[in-house]
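Chains as they are written, first to last, in the numbering used here: chain A, 1 to 292; chain B, 1001 to 1341.
Everything labelled a hint here was simulated from the structure, so no lab data went into it.
Any given hint might turn out to be false.
[As the list claims (entries may be wrong)] Covered by chain A, per the in silico footprint, the following chain B stretches (three or more residues, Cβ under 8 angstroms): (1) 1122-1135; (2) 1286-1298.
[Claimed, not checked] Which bits of chain A does chain B cover? Going by a derived footprint, with three or more residues having C-beta under 8 angstroms, they are: (3) 130-140; (4) 172-186; (5) 246-253.
[Unchecked claim] Straight-line Cα separation of at most 25 angstroms, DSS-like style, residue types lysine-lysine; simulated pairs: (6) B:1204 / A:184; (7) A:215 / B:1179; (8) A:184 / A:155.
Only a predicted model underlies this, so the values are computations on that prediction, with no experimental measurement involved.
Beta carbons: idealized from backbone N, C-alpha and C, even for Gly.
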Amino acid sequence: MKDKFLLLVALASLALPLHAAPLTESTFTEIVNEVNALSAAGAAAPAKVNDVLKAPQRVRTGPQSRAELIALDNTITRVGANTIFSYADSGRTLNLEQGSLLFHAPKGLGGGTIKSGGAAAAVLGTTVMTSSTPEGGLKVILLEGKGQVTLPNGKSVILTAGQEVFVLPGGTAFSPVFSINLDKLVGGSLLVKGFSHELSSMPLILVAIQDQNSKLKSGANSDTGQPPEFFLPPPAPGNGQNVLDPATTQTATHPPLTPRQFNALVNAGQGPPPGNVGPGGRTIVTLSGPRG
Amino acid sequence: MTTKNIFCAAALFSVALAASAQMPNASQQVDSLQQRRQLEQAAQMMVATNGVPELYAGESSDMGPQSVIQTKPRRTYLAAFADAQYFYTDNMFLANQNKQGADVLVSTVQVALAPTPYEVQGGLLAPRLGIQEQWFNYGLARSGQISVYNFPTHTFKNVSLDAFDFNAMTVFTDAQWSKENWTFTLGTDYRRLNNAQSSDGFYKEYVPRWAARRDFITSDKTMISIGYEGDYRLTDTQNVPPANGGNFNDRTDHSLVIAGSWRLCRCAFLQPSYRFQYTHFTAATRDDYLNSFGLALYFPINDHVTLRTYVSYDNLKTDGFYVQNSETLNAGGGVNLRVRF
């Protein structure tokens, strides 16, 4: 991994914790498909429910796999597919090397910190989902509560429920903060819905969803839905001689009259035509060829 | 989603922030585009159906679909538009032979009551009522003398090309309804053409019009649009040939329009286009067939200003007695300014 640098995602309740119990181990409470616990030496063993994951052990999930771990203080870590993560030896730190996870720390426990490859950042929050790539990409979505993401260069953004920010792989700057549809997100999220029991913070998430839905219903917000096309529409007649259609243009700048056409106009009345006679439109017309 | 696509998404987003592409020659379409962009600007970066780009394949399965929500922009009601294009045409009079080349300046000012589109039946409805004034000026750079016949005085005389300058005043109203990749338009125009020097009107038309268009997004950089446009023109033409009424230019137009849009980079769009237009004159024995090919390059400077350069070739076949088959080549450039408030 080139230019690997530290990503710190600190997750904590905004309320000051009474104490910050270490988060160095958790128990597997649910396992879906391929989940392995890796020893410090790298030896892999299939994880089982009720196994305890202790630092510096790592978890590695396979495709379409996920796992849930719950600590003694009810801090929840849910791990998505193709993810590698571990708890640090001390403090409340998770090392997310790649993949995705959902983290929820009950209020008053001091939240947590996540380290990963990519731009360094720190987030304070309650229930959060994050994903990262080995190339340094990072995405943080706050499901409920309020939090902060900070880059090593000091730049930071505040996130509230339903907001998302990301750093592109290899990037060092935040994307704009987006509000995303929590209802759609939660409804289609395996990290939220893909386990046999509900998240303990689900009532708080539902409050955030209801707040968002009420704004959508009132028309204050709109869901952009599918991506808009960023293209030009086809042209109407408009450039060059096509500003007007040809027949209209011909009334202003009439095609030259041939001798036959000219004679038909001038001699039609067997003499000089009345003043309101012409080929249609302007009173002056060019002629082509010899005059008849 | 690949890393390449992610960067494409970022580039798209940058474009959305820095510039807002506009269609300089189809004001109602530009309005719609810009209005839609205002509604969806936060989602400009999306190239996948989930909205915000995935950092890696399968991310959305675990985290969930991320559809961007945006606070609706402040509603606007008026749209002002100004455009100037300067071009050279090799066939100012749409002649079959002895073509007259000329440089032409077309200046346009338009103001419309054009509220931010309303959500109707799952789509966006954009009504407009406005007025447009256009000035056509010929031979600014090179105005040779040409011989013309003056019908009122029955005399020949030499005039410069600016003798053909004229103005077009248009009052228009229309409504455009867009949903997904479909756009339907129904509207009507009243247009009057006046001599620039005497202000005498020589042509008027009342034009009910209708259109339907389907956009096909073929990649994050390219789109193809296919559309049908139709109208019926009730006309009043001055100085008509003997035995013809003022309505002898009444006609109905039916057009097939195919256009591509290719985003070359963050501030340049290439737009090839083709139009086939069939025109049937209902008060005269005349049918026209127009094949028009265009290639335009647009440079959106910001949300309000767009530069463009273009070339076009038109081939007109007609069986009208007083007009001619013609081929016309145009090349030029233009700039437009657009403001909503």
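Hints not upheld, ascending by number: 1, 6, 8
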